[in-house]
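Undergrad: Here the numbering used here is used: the first residue of the sequence shown is 6, the next is one more, and so on.
No lab work stands behind these hints: they were computed from the structure. Heads up, none of these hints are tricks.
Between beta-carbon pairs, the in silico distance windows are:
# : residue 1 : residue 2 : range
1 : Gln30     : Val192    : 49 to 55 angstroms
2 : Lys72     : Gly202    : 33 to 39 angstroms
3 : Lys72     : Asp43     : 22 to 28 angstroms
Cβ atoms here follow ideal geometry from the backbone N, Cα and C, with glycine treated the same way.
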Amino acid sequence: MQHAYPLSFAIYALADAYRATQDDQILQMAIETFEWLDEKGHDKNYGGYFEAFERDGTKILEPKDSKHPFCKIVDSLYGSKTMNTQIHLLESFTALATVTKHKILHNRLRELHSIVLNKICVSPGAMNLYFNADWSVMPDHNSFGHNVETAFLLTESAKAIGISGDPKTIKMSRDLVDHSILVGWDVKNHGLMDSGGVTHASFERDKIWWVQAENLNALLLMHSKYNEETGKYWKLFVEQWNFIDNYLLDHENGGWHLSVAENGALNSMQDKCPPHGWKACYHNGRALIHCIQTLHSRRTLGLYEN
6 MQHAYPLSFA IYALADAYRA TQDDQILQMA IETFEWLDEK GHDKNYGGYF
56 EAFERDGTKI LEPKDSKHPF CKIVDSLYGS KTMNTQIHLL ESFTALATVT
106 KHKILHNRLR ELHSIVLNKI CVSPGAMNLY FNADWSVMPD HNSFGHNVET
156 AFLLTESAKA IGISGDPKTI KMSRDLVDHS ILVGWDVKNH GLMDSGGVTH
206 ASFERDKIWW VQAENLNALL LMHSKYNEET GKYWKLFVEQ WNFIDNYLLD
256 HENGGWHLSV AENGALNSMQ DKCPPHGWKA CYHNGRALIH CIQTLHSRRT
306 LGLYEN
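Can you build the whole structure from these sequences, using the hints too?
TA: In structure tokens form, the structure reads like this:
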């Protein structure tokens, strides 16, 4: 079985590998992966991408179409489109668009930026998670980690397509962070909770490693843009880092714990940083790299935080 979600990360990895090595074979592999996905998965009627395929590229639109009828793909129904897959396609297409002028790729990136901005992201700063093919919404919860991650991804994709000053992108990116903090931030213990409703407090209150990493990156991004207006993002950034340092970093064995309870206590079976199918280092690795680069850049410009 093929799925657009892991294919997006293959494109992302190949694009960054080419950026590091300048190996044309790697770039060609990235382009071929994109072209296969675009041929098999692009929705010519409504935009965006279908997500599940047999190995030959046949789209799986209903359970009866699949040779694997009991397999839920990335926690979604066959035939549906998901926020999670579409934002990571936005992410990988952005990375590839910075190293090639492939015309179809750039057109698809513009399309995905518009879909994420106008169909997936909604006022007051939340995101819908699951959609039918025509982008009509399937009701569900609010994922704070994906909200703050998408604030960063929209900012990066806007740069890649030459609209970094787009007012709607700028406003939505800030709204995604502000609303997640309003509803999902733990004022007492600090850290961002996992998920909840759009208008009420979190109902999944554990602190997941990747959510904290993406929030760290998003808070510093907001601080770099709005520090002359408010000091709240820097305050939250420091509190977020201290929570990570005190509770999520495994100072004895290395790495990050998968998740901790609301108060920072380790969850059961989490005390030795066990391997996990979703625990890729790109969330925390990217967040730390971007934060270090941003802080160094601000100091080079003579901008110092207290």
